[in-house]
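**Student:** Could you build the full structure based on these sequences and the hints that come with them?
Chain by chain, the residues:
Protein chains: 2
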Amino acid sequence: MTQIKTQKLSASLEDYLEAIFNLAAKNAVARSKDIADQLAVSRASVTGALRALSKKGLIHYKPYDVVSLTEKGRVEAGRIIRRHTVLESFFKDILGLNPQLARESACRAEHALGQRVVGRLMKYIEFATIQTSAGNSRASEFAHFCKTQG
Amino acid sequence: MTQIKTQKLSASLEDYLEAIFNLAAKNAVARSKDIADQLAVSRASVTGALRALSKKGLIHYKPYDVVSLTEKGRVEAGRIIRRHTVLESFFKDILGLNPQLARESACRAEHALGQRVVGRLMKYIEFATIQTSAGNSRASEFAHFCKTQG
DNA sequence: TAATATAGTATGTTTTGCCTAACAATGCAA
DNA sequence: TTGCATTGTTAGGCAAAACATACTATATTA
Chain A
1 MTQIKTQKLS
11 ASLEDYLEAI
21 FNLAAKNAVA
31 RSKDIADQLA
41 VSRASVTGAL
51 RALSKKGLIH
61 YKPYDVVSLT
71 EKGRVEAGRI
81 IRRHTVLESF
91 FKDILGLNPQ
101 LARESACRAE
111 HALGQRVVGR
121 LMKYIEFATI
131 QTSAGNSRAS
141 EFAHFCKTQG
Chain B
1 MTQIKTQKLS
11 ASLEDYLEAI
21 FNLAAKNAVA
31 RSKDIADQLA
41 VSRASVTGAL
51 RALSKKGLIH
61 YKPYDVVSLT
71 EKGRVEAGRI
81 IRRHTVLESF
91 FKDILGLNPQ
101 LARESACRAE
111 HALGQRVVGR
121 LMKYIEFATI
131 QTSAGNSRAS
141 EFAHFCKTQG
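Residue numbers (the numbering used here), protein chains in the order written: chain A, 1 to 150; chain B, 1 to 150.
Don't read these hints as lab results, they were simulated from the structure.
Each hint can be trusted.
The list cannot tell twin chains apart, which means a pair is met if one copy fits it or any two copies do.
List of simulated lysine-lysine pairs, DSBU-like, C-alpha gap at most 35 Å:
1) K92 - K26
2) K123 - K8
3) K8 - K33
4) K92 - K123
5) K55 - K26
6) K72 - K56
7) K72 - K26
8) K8 - K92
9) K72 - K62
10) K92 - K72
11) K72 - K33
12) K72 - K55
13) K56 - K8
14) K56 - K123
15) K26 - K56
16) K8 - K72
17) K123 - K72
**Tutor:** See the structure below:
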C-alpha cells in the first residue's frame with residue numbers, strides 16, 4: 001500500500017485541475033472565466049467541472065466565489081503538473097522537438113501514462129542529461145544509473 | 001504534399017483498425033466476434049465501428065460477411081501499428097519497463113502522438129540502440145545522428 | 001439607487017462510445 | 001431438413017463532455 005489513490009480523474013478533469021493550479025500560481029486565485037479561456041471551453045462547461053472536482057474534495061468551490069485547491073487537490077495537481085513537465089522536457093530536451101510541438105504532445109500524452117512510467121522517464125531524463133560518455137551500452141548504463149540513483 | 005491524410009480517426013476507431021489488421025495477419029480474415037473479444041467490447045459495438053470504418057473507406061464491410069482492409073485501410077493500419085511498436089519498444093527497451101506495462105502504456109499513449117513525434121522517437125531508439133560510446137554529449141550525438149541518418 | 005456590464009448557472013441538445021436485450025442469419029449435426 | 005448454437009445486427013439507453021441560449025446574481029458607476 002504505497003499510496004492512497006484519489007479515485008481516478010478523467011482526462012478532462014485533470015486538465016481543469018491543472019489549469020486551476022496554474023492560474024492560482026499566477027494570479028493568486030482562479031476564476032471560472034479564466035479557466036474557460038485557458039482551456040478554450042464555455043463557461044457552462046467549467047461550472048460542471050468545478051462541481052465534479054468539488055465533489056471529489058479537490059477544490060473549494062462556492063458559486064460566485066473564487067476557486068482554490070484543497071490540500072488533496074494540491075497534491076493531485078502536483079502529480080499532474082509533474083507528469084506534464086517531465087513529458088514536455090523529454091520531448092523537447094531529449095528528442096529535440098520544437099517547444100511548441102513538445103508542449104502539445106505533452107498535453108495529449110500526459111493522460112495516458114501512469115506513475116511508474118513517468119517516474120522512469122524522469123530518471124531517464126536525468127540520466128541522459130548528466131551522462132556524457134562511457135564505454136558500455138546505453139541500456140546497461142541506464143540500468144546501473146537506476147540502481148545507484150534509485 | 002507528402003501525403004493525403006485520411007480524415008483523422010478517433011482513438012477507438014484506431015483500436016478497431018489495429019485489431020482488424022492483427023487478426024487478418026493471424027487468421028487471414030477478421031470476424032466481428034474476434035474483434036469484440038480482442039478489444040473486450042460487445043459485438044454490438046463492433047458493428048457500429050465497422051460501419052464507421054467502412055464509411056471512411058478503410059475496410060470492406062458487408063453485413064454477415066468477413067471483414068478485410070482496403071488499400072487505404074492497410075496504409076492507415078500500418079501507420080498505427082508502427083506507432084504502437086515504436087512506443088512499446090521505447091518503453092521496454094529504452095526505459096526498461098516490464099513487457100506487460102510497456103505494452104499497456106503503448107496502447108494508451110499511441111493515440112496521443114503524431115507522426116513527427118513518433119518518427120523522432122523511432123530515430124532515437126535506433127540511436128540509443130546502436131550507439132555505445134563516444135566522447136560527446138548525448139544531445140549532440142543524437143542531433144548529429146538525425147542529420148546524418150535523416 | 002437604478003442601469004448596465006460582467007460573471008455564473010440552468011436547461012436542453014449533440015456527439016461519441018459503450019452497453020443490454022431482443023431479433024435475424026448462418027451453419028453444423030442429428 | 002429441421003433445430004439449435006453461434007454469430008451478427010438492430011433498437012433503445014446511458015454516461016461523459018462539450019455547446020448554445022437564456023436566465024440569475026453581483027458589482028460598478030453614473
